[in-house]
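Undergrad: Listed below are the residues making up each chain.
2 protein chains.
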Amino acid sequence: MIEIERRFLVATTPDVLPVPMQIEQAYVTTEPIAVRVRRLDDHHILTIKGGSGLERLEIERDLAAAEFDALWGIATELRIAKRRHRIDLGDGYIAELDLYDGELSGRSIVEVEFPDVETAGAFSPPDWFGREVTLDKRYSNAELARNGWPTTD
Amino acid sequence: MIEIERRFLVATTPDVLPVPMQIEQAYVTTEPIAVRVRRLDDHHILTIKGGSGLERLEIERDLAAAEFDALWGIATELRIAKRRHRIDLGDGYIAELDLYDGELSGRSIVEVEFPDVETAGAFSPPDWFGREVTLDKRYSNAELARNGWPTTD
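If you're matching them up, the sequences are chains A and B in order. Mapping to the working numbering: the first sequence position 104 is 97, numbers consecutive. Mapping to the working numbering: the second sequence position 33 is 26, numbers consecutive.
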């Protein structure tokens, strides 16, 4: 229920990438919590996210396709499309490299999820990771959907 | 996924009532859709409601108690407590008579859910039902939580 995740800009995209999952997501609302609907390949998922930073509330449930369509139709504006490449970093760490499409085309974010705060703190990002943006709300997906990519790093 | 329901004021509360279910509910947000968390006796339920009037979008999922608590803590203001009496009206119709507690104490609403619009249209309310408020948004639970009971009928 608590998602512990660190997010980074991407300094250098790796040359060789795994086959991505296709993600389309939209926000029905973002305040005081985010209500997100996501199509991940052929799965449909409802996610409620609260808070910001390293530890966030996250409640997820599967949706039927018709439920997804109904909520997607309400979330007309705040949409994001991206390809997600899941990269094994070793030591049990998985990087999720998101390459954005649509209005954010050419932009990318990489994130790593952890089972607890200690593991998150012990993580050393590889060289291809860029600046950490875990605490920089401008780079949350909800804010990227709303405001686009920040004009200053 | 589509809830078809007619709502009425209560002209006369029946003398004999079934044992009620205890309901506490709160709205995390109400626009553009309502995100409601409800404790119904010892069950915890997440409901997303869209639209207004006779036919509304409704998506429901069970919540773990800890998930309910987290969302309840966010939904600090828009709360409702009520006792729900389920009354058999015959012909397959069930009335849900809600007697409000807390700030709406003494107020009541009765609603009947239908499998389709035709059945909803064919329903004849019994004498103890009052004015129909299906299309009067002021009497939705989200609006009652926000604004209290309307000062004019």
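One or more of the hints may lead you astray.
Note: identical chains are not told apart, hence a pair may lie in one copy or across any two.
[Unchecked claim] Computed cross-link-like contacts, EDC-like style, restricted to lysine to aspartate or glutamate with a CA-CA straight-line distance of at most 20 Å:
1. K42 <-> E(-4)
2. K42 <-> E136
3. K42 <-> D55
4. K42 <-> D84
Hints listed in this document are in silico derivations from the structure and should not be mistaken for laboratory results.
Undergrad: Taking the hints in turn, state whether each one holds.
TA: Verification of the hints:
no., hint, verdict
1, K42 <-> E(-4), "within (9 Å within a copy, 26 Å between copies)"
2, K42 <-> E136, "within (13 Å within a copy, 24 Å between copies)"
3, K42 <-> D55, "both (15 Å within a copy, 17 Å between copies)"
4, K42 <-> D84, "neither (28 Å within a copy, 43 Å between copies)"
Hint 4 from the earlier list is the only one contradicted by this structure; the remaining hints agree with it.
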